[in-house]
Amino acid sequence: MGFLSAILTFTLITCITVCGLYILTGLTGMFSLGQAAFMAIGAYAGGLLSVRLNVPFPLCLVAAIIAAIIIGYFIGFPIMRLRRDYLALVTLGFGEAIIAVINQSVGITGGSMGLTGIPKYTSLTLVVIILICSILFARNFRRSKYGRMAIAVRSDELAAKSMGINVPRIKMRSFLIAASLTSLSGALYAFFIQYADPTLFNWRKSGEWVIMVFFGGVNSLTGSIFATFLLTSLPEILRSVQQYRLLVYSALVLLAINFKPDGLFGHWEVTDLFAKKKKTGIRKESK
Amino acid sequence: MSMLELSHVKKSFGGVKAVNDFSMKADSNQIIGIIGPNGAGKTTIFNVISGIYTADEGQIILDGVDITKKQQHEIALLGLSRTFQNIRLFKGLTCLENVMTTYDPVSKYNLLDAILLSKRRRQEEKKSKEICMDALEWVGLADFADERPENLSYGLQRRLEIARALASNPKVLLLDEPAAGLNPKEVNDLADLIYRIKEERGITILLIEHRLEVVMTISETIYVQNFGETICIGTPREVQCDCRVVEAYLGEDN
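Chains as they are written, first to last, in the numbering used here: chain A, 1 to 287; chain B, 1001 to 1254.
The hints are simulated quantities; they were obtained by calculation from the structure and are not laboratory data.
C-beta atoms are modelled at their ideal positions from N, C-alpha and C, and glycine is treated no differently.
Please note: incorrect hints may appear among the correct ones.
Unchecked claim - 35 Å max Cα-Cα, derived DSBU-like pairs, lysine-lysine:
#1 B/LYS1108 with B/LYS1126
#2 B/LYS1129 with B/LYS1108
#3 B/LYS1069 with B/LYS1091
#4 B/LYS1069 with B/LYS1017
#5 B/LYS1017 with B/LYS1070
#6 A/LYS260 with B/LYS1129
#7 B/LYS1185 with B/LYS1127
#8 A/LYS260 with B/LYS1091
#9 A/LYS205 with B/LYS1091
As the list claims (entries may be wrong) - Covered stretches of chain B (chain A as the covering partner; in silico rule of three or more C-beta atoms under 8 Å from a C-beta of chain A):
#10 1081-1089
#11 1114-1122
What the hints assert, rightly or not - Listing some non-contacts, in silico: residues in chain A with all C-beta distances to chain B over 10 Å:
#12 GLY93
#13 SER155
#14 PRO261
#15 LEU264
#16 GLU269
Whenever a hint applies, use it, and build me the whole structure from the sequences.
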């Protein structure tokens, strides 16, 4: 597989994660700095089942999602009632803890040597299909009552509660959805590079994802996906000016956040191009 | 029969008795005004009823159900809606979506329906839209359904908050200073609106208000609070003549 196609696959896999983070951080307003740990959970759950037990590939992907939901539930249960800044801290600690556990259990995971010998099942086509499903998932989620309630929680928890919204439940739901999608992308990643090691999944990766969601626009799925493409491929494109690339990257992110606090796209979605007519329709009916 | 009944409710913050032994009875289809100087504990009463704070002592019954120890969202689902003194609309949602958040917790479709755009989702969303457009029409905001709330004037934002509170078809509605910051014309319209909500929808309304012209014209009973204590209960006329009320507002007569 060529270099470009490899970068593209990797970018699309990141997009799957970002769909989940759009729901978690973009809609619900929760910051997870340990999200990469869920990617590790997916990579190792899928990879180990395949390498050690010869479990078929689709089942490995399902297992990755289930593992993330179970672990996410136990992590999520105590932290759903925390304020959002504490949530970032707790998830950061949890993320590092998971990485440490993987590092230490040499017998099972291979520790810092990494897990090798994962078969290459992930293809570009498969990633594209799963990404399209994830995008549709996120879009339909946003346009349903779940999306509205999530935004209500992000905007004003107290008011959301007095509208009858069960805030911890909404937060848990978003957390588990993000965990599942991240874990799924982790499994796809492991079956793509045929290898997993704990250093791939540190908190800096989680940080990058949060940047992507904010850079593109907290309220815009289009923006988040666009930002993922730009910010994942940018370091690769700028490879020729190696020493300056982090500089350019950081400058770009800072400029965007400074001059467009709502992100590049703000509220705008691609589908808005087609939705204009329908909206004015509602307005007329009401008169 | 009484819709909302508070008996001997107490709430302190440290040494400050914000609400001291407050009892109240509100029948259905009634407007009750709560007035008093700043710091009299009026908003605390609302916060205790709606579950933001739990009462230290006393009991609160909403339509036969004891809600004293219940959580905020449970109380809301039992039929209690409120607005806030400082407007708390949801940024990032349109006006219609803001109103729809009140109906969403009872909307009957699940995550799978939402993702697969099932028929049940379509029906429920349609129903929700109808109910919420109706609430917007009630307050005269139907034309602004797709607008973002931050683009509305202050007076319209207040109305939007009332529409949001109405969409769940509550039994009891708590309005916390709905006329604050409005001009005289808007105040008049608002008083009409509140009266109409009571008359046509039969909702019990508790109203905290500093603009006495609003409270005096539409409430049937007025509770006057001062430093956490109820100093007077009566009809608008009785309250206006009560010397303790005048004292609380204007200071003692020397």
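Results for each hint:
1. B/LYS1108 with B/LYS1126: Distance of about 12 Å is within 35 Å: holds.
2. B/LYS1129 with B/LYS1108: Between B/LYS1129 and B/LYS1108 the Cα gap is close to 14 Å, so the pair holds against 35 Å.
3. B/LYS1069 with B/LYS1091: Roughly 30 Å separates the two Cα atoms, so the pair holds.
4. B/LYS1069 with B/LYS1017: Given that 35 Å is the threshold and the Cα spacing comes to 19 Å, the pair holds.
5. B/LYS1017 with B/LYS1070: holds (22 Å)
6. A/LYS260 with B/LYS1129: holds (32 Å)
7. B/LYS1185 with B/LYS1127: Given pair B/LYS1185, B/LYS1127 holds - Cα atoms ~34 Å apart, limit 35 Å.
8. A/LYS260 with B/LYS1091: holds (17 Å)
9. A/LYS205 with B/LYS1091: holds (29 Å)
10. 1081-1089: Satisfied; 5 residues make the cut.
11. 1114-1122: Holds, because 5 residues of the stretch 1114-1122 of chain B bring their Cβ atoms closer than 8 Å to Cβ atoms of chain A.
12. GLY93: holds (28 Å)
13. SER155: violated (4 Å)
14. PRO261: holds (13 Å)
15. LEU264: holds (16 Å)
16. GLU269: holds (13 Å)
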